[in-house]
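Trainee: One-letter residues, chain by chain:
Protein chains: 2
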Amino acid sequence: MAVIPAAGATGTTAWLDALRRRCGADVHAFVTERVREHFTGRAAEAPAVTALPEFVTGGKFLRPMFAYTGWRCGGPESAAALRAAASLELLHCFALIQDDVMDGSARRRGHPAMHVRFARWHESQGLAGSAQRFGESAAVLMGDLFLVWSGQLLHESGLDAGALARGRAVYDRMRSELAVGQLGDLVNDARALPSWADVLDVIRRKSGDYTVRRPLEFGAALAGCADDVLAALGTYGGLLGEAFQFRDDLLGVFGDPAVTGKPAGDDLRERKASSVVVLAADLASPRQRAELTGLLALDAVDAAAVARWRDLITATGARDQLEKLIDERVRRALEAIDLVDLPGPATAALTVLARRCTERVR
Amino acid sequence: MAVIPAAGATGTTAWLDALRRRCGADVHAFVTERVREHFTGRAAEAPAVTALPEFVTGGKFLRPMFAYTGWRCGGPESAAALRAAASLELLHCFALIQDDVMDGSARRRGHPAMHVRFARWHESQGLAGSAQRFGESAAVLMGDLFLVWSGQLLHESGLDAGALARGRAVYDRMRSELAVGQLGDLVNDARALPSWADVLDVIRRKSGDYTVRRPLEFGAALAGCADDVLAALGTYGGLLGEAFQFRDDLLGVFGDPAVTGKPAGDDLRERKASSVVVLAADLASPRQRAELTGLLALDAVDAAAVARWRDLITATGARDQLEKLIDERVRRALEAIDLVDLPGPATAALTVLARRCTERVR
Chain A
627 MAVIPAAGAT GTTAWLDALR RRCGADVHAF VTERVREHFT GRAAEAPAVT ALPEFVTGGK
687 FLRPMFAYTG WRCGGPESAA ALRAAASLEL LHCFALIQDD VMDGSARRRG HPAMHVRFAR
747 WHESQGLAGS AQRFGESAAV LMGDLFLVWS GQLLHESGLD AGALARGRAV YDRMRSELAV
807 GQLGDLVNDA RALPSWADVL DVIRRKSGDY TVRRPLEFGA ALAGCADDVL AALGTYGGLL
867 GEAFQFRDDL LGVFGDPAVT GKPAGDDLRE RKASSVVVLA ADLASPRQRA ELTGLLALDA
927 VDAAAVARWR DLITATGARD QLEKLIDERV RRALEAIDLV DLPGPATAAL TVLARRCTER
987 VR
Chain B
627 MAVIPAAGAT GTTAWLDALR RRCGADVHAF VTERVREHFT GRAAEAPAVT ALPEFVTGGK
687 FLRPMFAYTG WRCGGPESAA ALRAAASLEL LHCFALIQDD VMDGSARRRG HPAMHVRFAR
747 WHESQGLAGS AQRFGESAAV LMGDLFLVWS GQLLHESGLD AGALARGRAV YDRMRSELAV
807 GQLGDLVNDA RALPSWADVL DVIRRKSGDY TVRRPLEFGA ALAGCADDVL AALGTYGGLL
867 GEAFQFRDDL LGVFGDPAVT GKPAGDDLRE RKASSVVVLA ADLASPRQRA ELTGLLALDA
927 VDAAAVARWR DLITATGARD QLEKLIDERV RRALEAIDLV DLPGPATAAL TVLARRCTER
987 VR
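Those sequence lines, one after another, are chains A and B.
Count along the first sequence from 1, add 626, and you get the number used in our numbering.
Count along the second sequence from 1, add 626, and you get the number used in our numbering.
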């Protein structure tokens, strides 16, 4: 794997960047092949043929990076292991596309969301029925394809049957948790306001474990790591995953649209019961809480409401509190991996990734 | 596998019935375990905990029966192979649940469809937002779970790594074809009226190949069958799959609701561009075609419109013509398997299954 420079204290960032490029190239090539295999040029397939390969290269590739770092806790540099790690990016594409349908999010990664692309195509062709409904159904199917292709890329990665059998248990667990967690998310969003405990539970199962812990455990299982390593990665992953989601939720409220690629205060507009929103309600004075409840009940959230909501959240102390929770979790995560004997490059990568996940601006 | 009596010319029906029962028990036990693993008693999960195990046992288990018959073309009776075959029933549950969302079908297998169950739960809890939208999103997720669990059951079936690696290529191909075929279906339904060629193309890719051909090839690949056997099963499966779908489409228009578990003329009410509808338009006189076009343009299709539509379809000769196409395809399918040397029980099962698929009333 000459494309990936050796990892080390100084070269870790370059190593992770090379990983991301290589994963991006792998999934793009794989999806392009699948599109060529299954779409045979009918007009109806035009949006899929363009959108699917485009979609897979726009991400941060965090999950493959964690998976490959997990692999490097017990395995050598390996193009096959990198492809197996990249399969998690296709799983992530599945989740994003279907989540956007469910949340009614119009944009993703600076482009129209998948369901919007198909709805526009339906309109441009003058087809019968609701364009929105067609777009949503087609997007669900594109999500399904990514879920199928994730499994296919894993099994065609080139890893041997023993490694694949070890990795499958984590892979399957993670995929079920993702769907069950998303169901919990839907229910939380449909409640007036869920409890902090309910929000933490969904964060753990859907976002946190799915983003950091399971990918790490998946890679380490593929490599056949010992139980103490798996346990340390599990602790690091659980803590860092929560911190990751807290940062995500802060960006969903306070993020800069020019950087996140999403509208300002997107989570507020969608009335998402995210950690920062629920924590603000927990910390609010009776008067602040009444005002928060009023904002939650609005039919449409305009720019002025977003600004007021942001100020209120800050005033409750929820923003500062969440920043503290992030710092505390990152510190404990790094302590957990210090207790086991990992290869130097893996420790270095885990340290850099902990910062990337929690200090990011998008 | 004492539960499955020996197959033979006389015992084939009993053998297939035992297969179905055993598959039903396998998937029910597997799904019950998964529900126990991933749903931990939160109130929000109540509909899933009840609906998921219930859903998996209501089907005809055609795809597992074809897969296991394919296996028996080269392998011995095997509980592991039967579990691998049963994984296709979970794949089918995934497809049915998401199709029902996309088609807006309110009932399935004599019960409310999955999205209707979750929508009713949302209403009963007095949650915020649209109950319909919540129901549809939750049902998509339940479909996703079945897709994930299908792969998990396959990999935990107990078959060895060599067999699984042989079967994966067909399994992956079939899953992609299913999603791509469903996209074609959506597009056909959104057109004023697609061509007969477009309808045949979707039937081949989505319904026909998915119901008969790929399951047979999947089982035969797991067993390591020779190329000539795979080719004969492919021919049989392609032809019989089309005949199966023609029968399905006839039932969608002319079926008895008390037997099919769906409303009378369901496909007409949903304005499905099914084979019988499109063939009727092809065979119609100009005057009949004008009347068919009028029916297709109705905002709501009531019982009188269904009755008129049925009469018109019969009058065009499309019903008789489709019956002839079914007979012809069944005959050619059985000829194809006569040309290769298959184990007696497999040939007997393929003969019985050909009738079951095309002479059924539900």
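Treat the hints as calculated values from the structure; they're not laboratory data.
Hints should not be assumed to be uniformly reliable.
[What the hints assert, rightly or not] Residues from chain B that keep clear of chain A, each with C-beta distances beyond 10 Å, as calculated:
| id | residue |
| --- | --- |
| 1 | Arg746 |
| 2 | Glu803 |
| 3 | Val978 |
[Stated by the list, open to error] Some chain A residues close to chain B (C-beta under 7 Å, calculated; not the full set):
| id | residue |
| --- | --- |
| 4 | Thr658 |
| 5 | Val661 |
| 6 | Leu722 |
| 7 | Ser731 |
| 8 | Gln758 |
| 9 | Phe760 |
| 10 | Ala764 |
| 11 | Val774 |
| 12 | Gly777 |
| 13 | Met800 |
| 14 | Arg801 |
| 15 | Ala805 |
All C-beta atoms, glycine included, are put in the ideal place defined by N, C-alpha and C.
Trainee: For every hint, state whether the structure bears it out.
Mentor: Now for the hints, and whether the structure bears them out:
Against chain A, the non-interface label of Arg746 of chain B holds: every CB pair exceeds 10 Å, the least being about 14 Å. Distance check on Glu803 of chain B: its Cβ comes as close as 7 Å (rounded) to a Cβ of chain A, failing to clear the 10 Å threshold; non-interface status is violated. Listed as a non-interface residue, Val978 of chain B keeps its Cβ farther than 10 Å from every Cβ of chain A; the least gap is roughly 31 Å. With a cut of 7 Å, the hint placing Thr658 of chain A at the interface with chain B is violated, because the nearest CB-to-CB distance is about 14 Å.
A distance limit of 7 Å between C-beta atoms decides the matter here; for Val661 of chain A the minimum to chain B is near 10 Å, and the interface restraint is violated. Nearest Cβ of chain B to the Cβ of Leu722 of chain A: about 13 Å, over the 7 Å cut. The hint is violated. The interface hint given for Ser731 of chain A is violated, since its Cβ lies 13 Å from the closest Cβ of chain B, which is over the 7 Å cut-off. For Gln758 of chain A, the interface hint is violated, the least distance from its beta-carbon to any beta-carbon of chain B being 12 Å, above 7 Å.
For Phe760 of chain A, the suggested interface contact is upheld, since its CB lies about 6 Å from the closest CB of chain B, less than 7 Å. Satisfaction of the interface hint for Ala764 of chain A is found here, the shortest Cβ-Cβ separation to chain B being roughly 6 Å, below the 7 Å cut-off. Checking Val774 of chain A against chain B: minimum C-beta separation of about 4 Å stays under 7 Å; hint holds. Taking 7 Å as the C-beta cut-off, the interface hint given for Gly777 of chain A holds, the closest approach to chain B being about 6 Å.
Evaluation of the Met800 of chain A hint against chain B yields a violated restraint, the C-beta minimum of about 9 Å exceeding 7 Å. Because the smallest distance between the Cβ of Arg801 of chain A and any Cβ of chain B comes to about 4 Å, under 7 Å, the interface hint for this residue holds. Of the supplied interface hints, the one on Ala805 of chain A holds, with its beta-carbon coming within about 5 Å of a beta-carbon of chain B, less than 7 Å.
Violated hints, listed in ascending order, are 2, 4, 5, 6, 7, 8 and 13; each of the other numbered hints is respected by the structure.
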